[in-house]
Amino acid sequence: MDKSAVNLLGVLSFTPLISTFYLLYSAFFLANGLNILPFAIAAWLTWVGVLLIFSIFLIQSTDFLPHQKFAWIAILAFFGMLSLPLFWWIHFKSPDNSRSKKI
Numbered sequence: 611m612d613k614s615a616v617n618l619l620g621v622l623s624f625t626p627l628i629s630t631f632y633l634l635y636s637a638f639f640l641a642n643g644l645n646i647l648p649f650a651i652a653a654w655l656t657w658v659g660v661l662l663i664f665s666i667f668l669i670q671s672t673d674f675l676p677h678q679k680f681a682w683i684a685i686l687a688f689f690g691m692l693s694l695p696l697f698w699w700i701h702f703k704s705p706d707n708s709r710s711k712k713i
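Reminder that position 42 of the sequence shown reads as 652 in the working numbering, one-by-one numbering, no gaps.
Hints listed in this document are in silico derivations from the structure and should not be mistaken for laboratory results. Don't take each hint at face value.
Stated by the list, open to error - Simulated restraints, written as ranges between beta carbons of each label pair:
(1) Gln678 to Ser636: 34 to 40 Å
(2) Ile700 to Pro676: 17 to 23 Å
(3) Leu692 to Ser636: 17 to 23 Å
(4) Phe680 to Ile646: 32 to 38 Å
Said to hold, decoys possible - The calculated lysine-lysine pairs, modelled on DSS-like cross-linking and capped at a C-alpha distance of 30 Å, are:
(5) Lys613 to Lys679
(6) Lys703 to Lys613
(7) Lys679 to Lys703
Idealized CB from N, CA, C, for every residue including glycine.
Construct all of the structure, not just a fragment, from the sequences and the given hints.
As C-alpha cells, then:
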C-alpha cells in the first residue's frame with residue numbers, strides 16, 4: 611500500500627471519532643436550526659467502511675495468528691471509533707516495514 615493510501619486510511623479512521631465530537635458539541639452550543647443528520651450518517655458510513663477494510667486486511671494477513679485476528683476484529687467491532695485510529699497507527703503507520711500491507 612502506498613503512502614498516500616495509508617494516510618487517507620488514517621484520515622478515514624479518525625473521521626468517525628471527530629464527527630462524534632462534533633455531534634456532541636453542536637447539540638449543546640450551536641443554533642437549533644442546524645441539521646446534524648448528514649454528519650451522523652457520514653460518520654456511521656465511514657465507520658462501517660473502515661471497519662470492513664480493516665477486517666478484510668486482518669482476514670487476508672499472514673502476520674497474525676488466528677486468535678489475534680479474532681481478538682482484533684472483536685476489539686474493532688466493540689470499541690470501533692476508539693480502536694480504528696489505534697489499529698491504523700499500530701499496523702499501517704508503524705516503522706516496521708517488514709510486514710506485508712496489502713488489502
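Has the hinted range 17 to 23 Å been met by the Cβ atoms of isoleucine 700 and proline 676?
holds (19 Å)
Lying within 32 to 38 Å: is that true of the beta-carbon distance phenylalanine 680 to isoleucine 646? At 35 Å between Cβs, range holds.
Handout entry: Satisfaction of hint between lysine 703 and lysine 679, Cα-Cα up to 30 Å
Key = Holds - the C-alpha atoms of lysine 703 and lysine 679 are around 19 Å apart, at most 30 Å.
**Asked** Given the hint that lysine 613 pairs with lysine 679, does the C-alpha gap stay at or below 30 Å?
**Response** Roughly 24 Å separates the two Cα atoms, so the pair holds.
Are the Cα positions of lysine 703 and lysine 613 separated by 30 Å at most? holds (9 Å)
State, for the Cβ atoms of leucine 692 and serine 636, whether the hinted interval 17 to 23 Å holds or is violated. holds (20 Å)
**Request:** Could you check the hint for me, namely that glutamine 678 and serine 636 are 34 to 40 Å apart, CB to CB?
**Result:** For glutamine 678 and serine 636 the Cβ distance comes to about 38 Å; the hint holds.
Violation of the numbered hints given earlier is absent; every hint is satisfied by the structure.
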